[in-house]
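Undergrad: Here's the letter readout for the chains.
Number of protein chains: 4
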Amino acid sequence: MDDFDIEYVAEPTLEEPVLIEGLPGVGHVGKLVVEQLVEELESQLVCELFSTHLPPQVSVEDGITSLVSIEVHAIETDADDLLVVTGDHQAQDSVGHYGLTNAILDIAAKFNVTQVYALGGVPTGELIEEYGVIGATTTEEQQAPLEAAGVEFRGDEPAGGIVGVSGLLLGLGKRRAVPAACLMGETSGYLVDPKSAKAVLEILQELIGFEVDFGSLEERADEMEDVVRKIQEMEQSAAPAPTDEDLRYIG
Amino acid sequence: MDDFDIEYVAEPTLEEPVLIEGLPGVGHVGKLVVEQLVEELESQLVCELFSTHLPPQVSVEDGITSLVSIEVHAIETDADDLLVVTGDHQAQDSVGHYGLTNAILDIAAKFNVTQVYALGGVPTGELIEEYGVIGATTTEEQQAPLEAAGVEFRGDEPAGGIVGVSGLLLGLGKRRAVPAACLMGETSGYLVDPKSAKAVLEILQELIGFEVDFGSLEERADEMEDVVRKIQEMEQSAAPAPTDEDLRYIG
Amino acid sequence: MDDFDIEYVAEPTLEEPVLIEGLPGVGHVGKLVVEQLVEELESQLVCELFSTHLPPQVSVEDGITSLVSIEVHAIETDADDLLVVTGDHQAQDSVGHYGLTNAILDIAAKFNVTQVYALGGVPTGELIEEYGVIGATTTEEQQAPLEAAGVEFRGDEPAGGIVGVSGLLLGLGKRRAVPAACLMGETSGYLVDPKSAKAVLEILQELIGFEVDFGSLEERADEMEDVVRKIQEMEQSAAPAPTDEDLRYIG
Amino acid sequence: MDDFDIEYVAEPTLEEPVLIEGLPGVGHVGKLVVEQLVEELESQLVCELFSTHLPPQVSVEDGITSLVSIEVHAIETDADDLLVVTGDHQAQDSVGHYGLTNAILDIAAKFNVTQVYALGGVPTGELIEEYGVIGATTTEEQQAPLEAAGVEFRGDEPAGGIVGVSGLLLGLGKRRAVPAACLMGETSGYLVDPKSAKAVLEILQELIGFEVDFGSLEERADEMEDVVRKIQEMEQSAAPAPTDEDLRYIG
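Protein chains in written order, with our numbering: chain A, 792 to 1042; chain B, 792 to 1042; chain C, 792 to 1042; chain D, 792 to 1042.
Don't take each hint at face value.
Copies of one chain are not kept apart here, so a pair can be met inside one copy or by any two copies together.
Restricting the straight-line Cα-Cα distance to at most 20 Å, the calculated cross-link-like pairs of lysine to any residue (SDA-like) are [what the hints assert, rightly or not]:
(1) Lys-965 <-> Glu-831
(2) Lys-901 <-> Val-1019
(3) Lys-901 <-> Ala-1012
(4) Lys-1021 <-> Gln-883
(5) Lys-965 <-> Glu-852
(6) Lys-901 <-> Glu-798
(7) Lys-965 <-> Tyr-799
(8) Lys-965 <-> Glu-1010
(9) Lys-965 <-> Glu-798
(10) Lys-901 <-> Gly-1006
(11) Lys-901 <-> Ile-855
(12) Lys-965 <-> Glu-948
(13) Lys-901 <-> Pro-803
(14) Lys-965 <-> Glu-931
(15) Lys-965 <-> Ser-834
(16) Lys-965 <-> Val-800
(17) Lys-965 <-> Pro-846
Rather than coming from a laboratory, the hints here were simulated on the basis of the structure.
Can you make the complete structure from the sequences, with help from the hints?
TA: What follows is the structure, given as structure tokens:
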């Protein structure tokens, strides 16, 4: 086994696809978007990426185990074809983040990907009313169409830069001359945030031109609203409020 | 010295053996089972696995030192031959867990192992009355015979998946097409748990068809009962109760 | 991508240049000096050094991303030519510090660098009146000219040695027979310290014989004075004083 | 630069020398013994061992820097020749401990070392009256002569085994068939302990047959006695006692 090991299970013919990455992160925004795409549209598992820099772990579903991996699915839409990248875990260390990203870009090169979108959340520290989507790109040319679709560019935001595989898809993508953009939904940062995911997904629809059902994302958003309402009631009553830590990634 | 170094000391002829792994973990359940097998049945050291990813340490017995290693013993039974894997330590990092597991599967391949059992404990957080054994497998076919022997499959349990070498024996075993199952004895998680080990060992006997004396495991269980009783008395008296940390792995 | 990857963007002809390193560190002294040189003199980006041992991160400026890197700029002065090394981050681990330093020394060798200056701050733990500059060198011959320029040598100071890339430029430089010296401006250690940077820059001017405008460094020093004054007023009033952590790297 | 890099500066002709290792550790016992040998007897630097797994750091003495290294000195005595190994730092990680130890054993092989002594301290947690020296060996044959010289073997002590380079010199030495023993001076574990070092040095003299002046070790022991006395006075007075942390490695 190599440190980074791509195992192909299908080799679909895709026409200059767009790659969309949504690994776990702030508010699980990127992961929620990509899960929605894989579940609601017709998707095909293309390959799994295994690595000694991912956690040494299997998940269990109906008593059957699956080794921790990054999965790449192909989706054919009326508009551009998609390659979507997701998983339940990030790399364990810096070398792992670089290696996974390079492997993802190798897969992108194999399928002649013309554009990379890395999805994520940007924490605001407070509950959100209007869900803005902030952008960052590897080149200036990408910004006008993104702005036309509703993405905001705010100078040097996010101030701390973009970390992990999302950041490196832009950093290493730029070195490999693949146009790449990061779309970050605003989110409190305290909770899994389907509303932020919906805002990002609306932008993606507009940009790429496909349509997807929002049903399950809206359901999940309603569930989270209930959670938030209960928290607010608890705060107003005498009960001690849950800490930030309690709220992080409820759901 | 390579990062993962197998040193063979014997090359017994085994017929399609079953590999049983019991490294330290929750309640030391897996390790207790495997120690019982090595001590009570006629066993032969086959190889030691050394690694720069194990702790940089020697143990001392009668003033003689032994380098930290994973040991593999061969046991011939009336039923299937066994290869049992144990040791006093886990790997220090993720790369180590993957590397050790691959080395163990290399050993399994050399001896034409037909089935892998990874043993462990699953923490319940409370003292146990009935010791259930939960299973997870790499393939569906393995589940019926395990259920017949008393193993329970409970949907997505354990919720956190299975970590370390036990988990990877299934994760990497599946990729190498070796049937592998994990048997996890329920245990409080606070104490070394010979009773949970006994429950797992009874399942193994049934599955494989060998017989082993339970004497020393039962003795050890009685000792632990005394420890638990004293703790309960202390809790009922005014003395401050020992913390979880105090109780962890007493014995 | 290699673990340490030098990407050349220009190959200027330099005559036996002096290499000056200023990465982030105590009081950001070295980084401030090098930024001043790059901004005030005519500079040209020569190469970027990327590494899997740097943080997995991009920075964002005007919505455009840049992968974390170490940058090397060439500056032609009336006196010696300069190669200046800077960046926003240090390596993440020990192997990274060694690897980055060796890559920097490879660049130095390519341009026939005759002298290396590693710049930094030495923390005194108290606010400074007179900003001394302490030196350490790989060879005795370097000390007389440094002392003539105002650098102090104080026996075994700094007591804890010199860590990170600055330290290794001397440690590995000595092994490669490149004369190397470390110039450390005294600084409280609590704040970004443009005054300490100015003291180091004055020494460099004297040593190498170039001239640079101090304007922006002095402006920044004035801003920091305001910060310090406000802190002192807060301390004298009843308000709870900011902690050391609050003050670290304000600015 | 390799990960582990031996740089020879002299190649003395030694007759079947004994290798003695004393790196920093509990009570600095091993390091104190080896420093005494290098200072009091005629010693010659044979090689330095550099590694990317040692701290990225230089020390400074009279303004001149030295890269962190492990040093090996040769000492010719009336009895056996000695190769003594010391330094100011341990490796940073498990891979580093294994790699440094293998490099030391490569040096031992080059000079046909016939016996390895790894020196250290064993913490007792209380102030010591009689300084015992506990032993551990790779083979039984080594124990009788050690016992005759006053070394005690106490079953499975030290219970936690022996960690770091000292432990691995036995663990990896055994695999390379070099007789190796660890001599551990009892020490409180709270303070640098020259008395414990003296007890270990007396055993070494007896074993190998050389003689060395104890002057500076005894001086240092007297200084430490003063420190301990002051601590005891402070404890008896109303002043709050220094914590364990305060006392660790005073001196």
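Undergrad: Does each hint fit the structure? Answer for all of them.
TA: Results of checking the hints against the structure:
1. Lys-965 <-> Glu-831: neither (31 Å within a copy, 29 Å between copies)
2. Lys-901 <-> Val-1019: neither (44 Å within a copy, 56 Å between copies)
3. Lys-901 <-> Ala-1012: neither (36 Å within a copy, 53 Å between copies)
4. Lys-1021 <-> Gln-883: Classified as neither: same-chain Cα gap 35 Å, cross-chain 42 Å, threshold 20 Å.
5. Lys-965 <-> Glu-852: between (38 Å within a copy, 15 Å between copies)
6. Lys-901 <-> Glu-798: Within one copy only: 13 Å inside, 24 Å across.
7. Lys-965 <-> Tyr-799: between (25 Å within a copy, 15 Å between copies)
8. Lys-965 <-> Glu-1010: Classified as neither: same-chain Cα gap 37 Å, cross-chain 36 Å, threshold 20 Å.
9. Lys-965 <-> Glu-798: between (25 Å within a copy, 13 Å between copies)
10. Lys-901 <-> Gly-1006: neither (34 Å within a copy, 52 Å between copies)
11. Lys-901 <-> Ile-855: neither (31 Å within a copy, 26 Å between copies)
12. Lys-965 <-> Glu-948: Result: close within a single copy only, 19 Å intra versus 42 Å inter.
13. Lys-901 <-> Pro-803: within (11 Å within a copy, 37 Å between copies)
14. Lys-965 <-> Glu-931: This pair counts as within: shortest intra-copy Cα distance 12 Å, inter-copy 44 Å.
15. Lys-965 <-> Ser-834: neither (28 Å within a copy, 24 Å between copies)
16. Lys-965 <-> Val-800: This pair counts as between: shortest inter-copy Cα distance 15 Å, intra-copy 28 Å.
17. Lys-965 <-> Pro-846: Between. Shortest inter-copy distance 17 Å satisfies the 20 Å Cα cut-off; intra-copy 28 Å does not.
The structure fails to meet hints 1, 2, 3, 4, 8, 10, 11, 15 from the earlier list, while all remaining hints are met.
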